[in-house]
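Asker: Taken in sequence, the protein lines are chains A and B.
One point on numbering: in full-length UniProt numbering, the residue at position 229 of the first sequence is 229, and numbering is uninterrupted.
One point on numbering: in full-length UniProt numbering, the residue at position 271 of the second sequence is 271, and numbering is uninterrupted.
Keep in mind the hints are simulated off the structure, nothing from the lab.
Every residue gets a Cβ at the ideal spot worked out from N, C-alpha and C, and that includes glycine.
It cannot be assumed that every hint is accurate.
To be clear about the criterion: a stretch of chain A counts as covered by chain B if any three or more of its residues have a C-beta under 8 Å from a C-beta of chain B, and this derived list gives those stretches [claimed, not checked]:
# : region
1 : 395-402
2 : 498-504
3 : 525-533
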Amino acid sequence: MIITSHEDLESVRKRGLTKIQPKHPRIGVGTSSCGIAVGGMQIFDRMQELIQKEGYDITLVKTGCIGFCKEEPIVSVTIPGKSQVLLHKVRPDDAERIIALALKGEIPEDLALCRIPDWDHITGNLVYGDGFESVPDYGEIRFFSHQKKVILRDSGLINPEDIDEYIGIGGYSAAFKALNSMDPDTIIEEVKKSGLRGRGGAGFPAGLKWEITKKAPGTEKFIVCNADEGDPGAYMNRNEMESDPHMLLEGMLIGAYGMDVHEGLIYIRAEYPLAIERLTLALDQARAYGLLGKNILNSGFDFDIQIATGAGAFVCGESTALAASIEGKTGRPRLRPPRLTEKGVFGRPTDLNNVETWCNVPVIITKGATWYSDIGAKGNTGTKVFSLVGKVENIGMVEVPLGTSLRTIIYDIGSGGAGGKEVKAVQTGGPSGGCIPVRLFDTPVDFENLNMVGTMMGSGGLVVMDEDTNMVDIARYFINFASSESCGKCVPCREGLKHLLLILNRIVSGKGTRDDIEILKELSDTVQKTSLCGLGQTAPNPVLTTLQYFGEEYEKLIAPEGK
Amino acid sequence: MSLLGNGKRMVTVTINKNQYLAEEGEIFLLTANRLGIDIPHLCYEKALEPYGACRLCMVDVVTCGKTDMTPACTIRVQNGLEILTDTPQIIKHRNLLFELYLAEAPKSEVIKEMAAKYGVTKTRFLKKIVHDDPLQGKCILCGLCVRVCEEIMGASAISFINRGPYTVINTPFYEHNPDCEGCAACAKVCPTNAIVFEDIGTNRVMQSWSDTTVPLMICPECGKPFAPQRLMEKVLTKPESGLIEEIKDLCPECRRKYFTLREIRKIPTNGGQA
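With the sequences and hints as input, model every part of the structure.
Answerer: Below you can see the structure in the form of structure tokens.
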């Protein structure tokens, strides 16, 4: 079926809604990578086997990740007319019991995490109903109550492998509105007004980049989605693609229409097989509905997306290396300018945006720039998804308005250190970022404030360290990562990082001298200032911030004869 | 600003607070070197696009009172360009880069001399020691050989292998590579003379490139080997080679002899002389 009119979209939406809220019980098993890692697929398979064998009147679907990774595997049970209930830490052995109870309109209360009476998908509102009052409300769970879900609005609640469910909660209505009733320039204007900044780390205004690409000479252009997420401890993009792939496709479709570009690419790392699988399926489903291809939604606009996979190099997240990799060349950055917007993939003007940047687009079009810019802080609008990991009690995907303090994220949402330990620091921005000590936890998380304390926002990894963490070892870990991921083109990054690592190894093994600390500072400075691309320019940040905030830990490791 | 006879515009640039006239659009590194302002560099070659990998030619570009460190090989001369080449910051970073080079290519006399010229005679970093290094402990991975082989010769016989600190340059799988034409352009552009090759008997052996062996042409006149066969074949298929039939297989020496003799004996030619 090709969707060509509002009526068509509406009929698919209704069908999708009945899939999400059927007349019989529906069970959703969290099967993102995090859920699968702790047995989500076994639960799904066991349930499927039981339901098929007995011919039960139950809808069983795979869902994405609701974000509370610590509580995975999470299973959602929806009894018609009653609150949806999330069950946590479910084991395959629980499958039989969950099904038996669901058939009776009940849930295993001992496994219940929380209940969801209604849910604001932003593009649509779902009311489930009351019931199960003994189970805490979603809003009473500390991990969820401080969050604001915009990007993750559908994650864990809809089936990412079924386009009908995405359309069911209002998906592709933004694309319909854009393609049928908006002027392409108005779309760019709207994104500019929303204040959306690139979520890959640099924070460049997205609308401005779109405008530059549109104005660049040439008729054949590309838009590219950067899904080469590779920071240690960061998996926001993976979750976004695994849990709600159509949100990304819709964002790209709207962007393409705004920029009048007809070819899209998703550059995704090969280490994300499930995301690739779900995106491929999503692309096929979107094409089958005519949401990609020729004359999309009867608007006369043509656009399609292809997937390009990486080959396991962190540096390929850098724009020029990414373009080289897509072209089949070695992923090594080149000099800029020219920027990609001028000379990108195969020499054509290219707009490159991070997964999450694209994911913001549909809601901006649906709700408008003013609605969007009211979220977050001035100059840092909207929400940001973080992966809160490390030695923190509540591990998971956290979405908060920009400008939220680290304290809120780590203590209110994360419940502090794991197992009651003292939190010492948090690393933001992956290997490019730095370690922030507890005393600076009131720092609002936004592009500028994090820069001021010597780190950066990056793509959204937050690695928490507790009292047992050796900060010099942390610096060594990140330098080791950056050094082995360096492309080797320019000398400060290739050789400089190698020597930083050698010196840090020496210090960690207790053989360092006071001179070593001076050399660390000096070399870090040169690597930062003289490297060719962002990888080298930011790689010494973990060393510099740990030296600045945890200098005493270095001192302690210096060999006595070195004093 | 003035207009030259060749249509190129001369513009004013400020280098270290002094004003100079320079050709608009020229690569600043060349401008500076022509004006006698010394900027060290290792990875720039006129025949190739600027690459910006050696980072030695970093200079400060001054815009509205703010400075931005940029490689001089990537800056194009334009009117009002203001550059600082010798600030304490630049000297500090450059000296440290020299230390890194001294550790990376401890056997390179070129690097030692260049570093010494800027006052850097020793390195605080661990020297890289590779046993049986085909590039004699002299390679600084500037990439000129790889680029000239690919972009100018079109052979792509060598490339970077691995990445980061493990990067090396060699033929694929460290095997004899039949794509090599034996032109030795790689050795010619190498700034540290790291590449070794030798003509042994009727073959050219590229010792640095996994002993890739390329047969040499034998001059039918004097019987001496002179140039790599594959390279000659490629040159001779080009219509613009302009060589007449009688001499195209001869070595340069015998070609000269041919012309000298023809002048003396007035041998009539049958080929269309270019």
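Asker: Next step is simple, just say for each hint if it's right about the structure.
Answerer: Comparing the hints with the structure gives:
Counting residues of the region 395-402 of chain A whose CB lies closer than 8 Å to any CB of chain B gives 0, which falls below the minimum of 3, so the coverage claim is violated. Counting residues of the region 498-504 of chain A whose C-beta sits closer than 8 Å to any C-beta of chain B gives 3, which meets the bar of three, so the coverage hint holds. Beta-carbon proximity to chain B at under 8 Å applies to 6 residues in the region 525-533 of chain A; the threshold of 3 is reached and the given coverage holds.
Of the numbered hints stated above, the single one contradicted by the structure is hint 1.
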